[in-house]
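Asker: Spelled out, the chains give:
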Amino acid sequence: MHFEFQVEGGNFSKAGTASSQLKKILKQLNVDARDIKRVVVALYEAEVNVVAHAYNGVIIIDIDTEKIMIQIEDEGPGIQNIDLAMQQGFSTASELVREMGFGAGMGLPNIKNNTDKLTVTSEVGKGTKVHMLINFSI
Amino acid sequence: MEHNNFHHALKIREDLCIGCSHCMNVCPTEAIRVRNGKAILYGDRCVDCGECFRVCPVSAIIIDHDDFNHIFDYKYRIALVPAIFTGQFPEDVSPQQMFSVLLDLGFTHVYEVENGTALLQEAMNEYADKPGISKPLISSFCPAIVRLIQVKFPALVDNILLLKPPLDISALHIREEMRRKGISDKEAGIFYITPCAAKIAAIKDPVGEDQSPISGVINMDVLFNKVYRKVKTRNNQSCSLPVYTDLPATARCWALTNGEAPLAKGRTLAIDEINNVIDFLEKLEDDEINDVDFVELRACDESCAGGVLTVSNRFLTAERLRNHKTNTPDPPSSDHPDGFRHIRENHAEIRKHINIEEVKPRPIMKLDDNIAEAMRKMEKVNRIMQLLPRVDCGVCGAPSCQALARDIALNEAQLHDCVFIQKILEQKGELSLEESIKIMQKIWGFGKTNKYRDLKGL
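These protein sequences, in sequence, are chains A and B. Take the first sequence: its letters are residues 555 to 692, numbered as in the working numbering. Take the second sequence: its letters are residues 630 to 1087, numbered as in the working numbering.
Among the clues, some could well be false.
As the list claims (entries may be wrong) - For each label pair, taking beta carbons as the anchor points, the in silico distance ranges come out as: (1) A:Lys-683 with B:Lys-1067: 52 to 60 Å; (2) A:Asp-586 with B:Glu-911: 40 to 48 Å; (3) A:Leu-687 with B:Glu-978: 47 to 55 Å; (4) A:His-556 with B:Leu-1062: 25 to 33 Å; (5) A:Val-612 with B:Asp-908: 24 to 32 Å; (6) B:Ala-878 with A:Gly-563: 45 to 53 Å; (7) B:Leu-898 with A:Asp-586: 34 to 42 Å.
What the hints assert, rightly or not - Example chain A residues on the side facing chain B (calculated, C-beta under 7 Å, incomplete): (8) Phe-566; (9) Ser-567; (10) Ile-590; (11) Pro-663.
Stated by the list, open to error - List time: in silico DSS-like cross-link candidates among lysine-lysine, alpha-carbon distance up to 30 Å: (12) A:Lys-671 with B:Lys-764; (13) A:Lys-568 with B:Lys-1009; (14) A:Lys-568 with B:Lys-912; (15) B:Lys-989 with A:Lys-591; (16) A:Lys-621 with B:Lys-1009; (17) B:Lys-989 with A:Lys-683; (18) B:Lys-989 with A:Lys-621; (19) A:Lys-671 with B:Lys-704; (20) A:Lys-621 with B:Lys-981; (21) B:Lys-981 with A:Lys-666; (22) B:Lys-981 with B:Lys-704.
To be clear, the hints were calculated from the coordinates, so they are not data collected in a lab. Computed from a predicted structure; not experimentally measured. Glycine is no exception: its CB is placed at the ideal position from the N, C-alpha and C atoms.
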């Protein structure tokens, strides 16, 4: 099954819409509750990343009986050093921003922890592509 | 699809139901449909919240409790009374008076449910410190909420606090005290006075427990009438003297909104009314809420003060309990031959039985057990949704277009049940007028379709 969602950069009130919709779909498909949790956590983090950093993005979801594949493509500033961004606690946020409680550097690591496969590719000044895969436990 | 197998206290009386669909439209789990002019209940979806009971204009929805005379099946008859009950009465009726009347009505003992709260609070805070606990902890107090999580939010069952509610804790204490007096469990009947349907379902069909220590349930509205009548008419020359000790304010207000949350450790929240709770649980399930340690969730507005079987206005009840003046403590009840010792005397024994087993999910959202089949059905639902008007008029006998689409995909309804589709089919000559009326009658019965014809003499 195939689904697509648009994400609007900067609109935090709508962040989480796609993960919430996807959750409802997976519940109807009788996917294990723990798998649903992993999917929702990973997609929610990715959605927030797009809203926080990019101008706009699209989420493409493909589900079959064994797994779910999610591709998130955004138009935005891109990531300078992906290896660094994947490290827990790394953040490009300034000291001031961090003091306010933002940019803890947990986004990508958290996605990684909840997925079976994660690839991030990015072009500085153009945008980022995140591809994730979660196998359903049977 | 199989729609029953859970005990429900809520029942629809077919002889009284007029098929008005009010209940169908308020049900938070879309558990009601209209067929043949009557409301029918999908038992697997119902969480016994009682919203349908509130809106039924003809009292066709009943809450199945035990007959009052059932108490006389036991030699010893204990009324297990929640503080909410005392809050039903006007200010000039004292709890002592109410309890005295309960004894005159046939109970041998009266005990307040909230005596069990101090012990629970202690166990709750120890539980919260255990490593590996899913946060936030969700209180197990409201049985409608526990059921709601099981059916609608299966990913959150691990967050439910696996401790018995005060009701069961107090019942365990009573059982211990009776045994201590040499009275067997068979001789002693514990009867809970319930403000809602969900508690009945929880007692008759407990979640995470084999059997409830409670013998029976009496609806609060029924008992209120019996007691208030006696209060009004009784000759004051003679009356039974109840064993009564005032509850501390925290215990007395436990069943009100914010009764538990401020007593739990860390950052806590209290949310009442089932639709508010659903909104919150969606967010929690979406992982949008972090750093909350404990949530108190109650299905009724103003919590148990707003229970469907209460009589008094819920705000007045809450005010009475909050502002109740605590009297000077009575002499310890153990001095009295009918009294029970303080609950802390049985602390160790109760703690052994305070845990409940894992709460299992029983998801209602799934379209099929098999994922491939579920996908096929979901595609069908999506195709049907393209055809439906999305006005959620309810004329098809389902609460929304989405619910109808789902019913059709599960072979429980047909596309032509939709009145908009009927019109087009009629216009295109694919459905005769006769057939179209038959479809309506299959959903709404004959009365509603023939009303105009009969009254106008057409």
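Asker: Compare the structure with each hint and give your call.
Answerer: Taking the hints in turn, this is what the structure says about them:
1. Under the hint 52 to 60 Å, the C-beta atoms of A:Lys-683 and B:Lys-1067, about 56 Å apart, fit the expected range.
2. Hint check: A:Asp-586 to B:Glu-911, Cβ distance near 19 Å, so the stated range 40 to 48 Å is violated.
3. For the hinted restraint 47 to 55 Å between A:Leu-687 and B:Glu-978, the CB-CB distance of approximately 52 Å keeps it satisfied.
4. The given range of 25 to 33 Å is broken by A:His-556 and B:Leu-1062, whose C-beta atoms sit roughly 42 Å from each other.
5. Taken as a hint, the range 24 to 32 Å holds for the pair A:Val-612 and B:Asp-908, whose Cβ atoms sit roughly 27 Å apart.
6. A beta carbon spacing of about 51 Å between B:Ala-878 and A:Gly-563 agrees with the range 45 to 53 Å that was offered as a hint.
7. The supplied range of 34 to 42 Å is broken by B:Leu-898 and A:Asp-586, whose beta-carbon atoms lie about 28 Å from each other.
8. This hint is violated: A:Phe-566 has a C-beta 11 Å from the nearest C-beta of chain B, more than the 7 Å allowed.
9. Restraint check, A:Ser-567 versus chain B: the minimum CB separation of about 11 Å is more than 7 Å; hint violated.
10. Here the hint on A:Ile-590 is kept, as its CB sits about 6 Å from the closest CB of chain B, short of 7 Å.
11. Checking A:Pro-663 against chain B by beta carbon gives a least distance of about 15 Å; that is not within 7 Å, so the hint is violated.
12. Under the criterion of a C-alpha separation no larger than 30 Å, the hint pairing A:Lys-671 with B:Lys-764 is consistent with the structure, at around 27 Å.
13. Taken as a hint, the A:Lys-568 and B:Lys-1009 pair is honoured in the structure, with Cα atoms around 28 Å apart against an allowance of 30 Å.
14. As the CA atoms of A:Lys-568 and B:Lys-912 are separated by approximately 12 Å, the hinted pair is consistent with the 30 Å bound.
15. Between B:Lys-989 and A:Lys-591, the direct Cα distance comes to roughly 16 Å. Compliance with the 30 Å bound is thereby established for this hinted pair.
16. Only pairs whose Cα atoms come within 30 Å are accepted, and A:Lys-621 paired with B:Lys-1009 is accepted, the gap being roughly 21 Å.
17. A C-alpha spacing of about 38 Å is found between B:Lys-989 and A:Lys-683, which places the hinted pair above 30 Å, so the restraint is violated.
18. Distance check on the hinted pair: B:Lys-989 and A:Lys-621 sit about 24 Å apart at the alpha-carbon level, within 30 Å; holds.
19. Under the criterion of a C-alpha separation no larger than 30 Å, the hint pairing A:Lys-671 with B:Lys-704 is inconsistent with the structure, at around 66 Å.
20. With a C-alpha separation of about 43 Å, the suggested pair A:Lys-621 and B:Lys-981 falls outside the 30 Å cut-off, and the hint is violated.
21. About 41 Å separates the Cα atoms of B:Lys-981 and A:Lys-666, which puts this hinted pair outside 30 Å; it is violated.
22. Our distance criterion of 30 Å between C-alpha atoms is met by B:Lys-981 and B:Lys-704, whose separation comes to about 28 Å.
Violated hints for the displayed structure, listed by number in ascending order: 2, 4, 7, 8, 9, 11, 17, 19, 20, 21.
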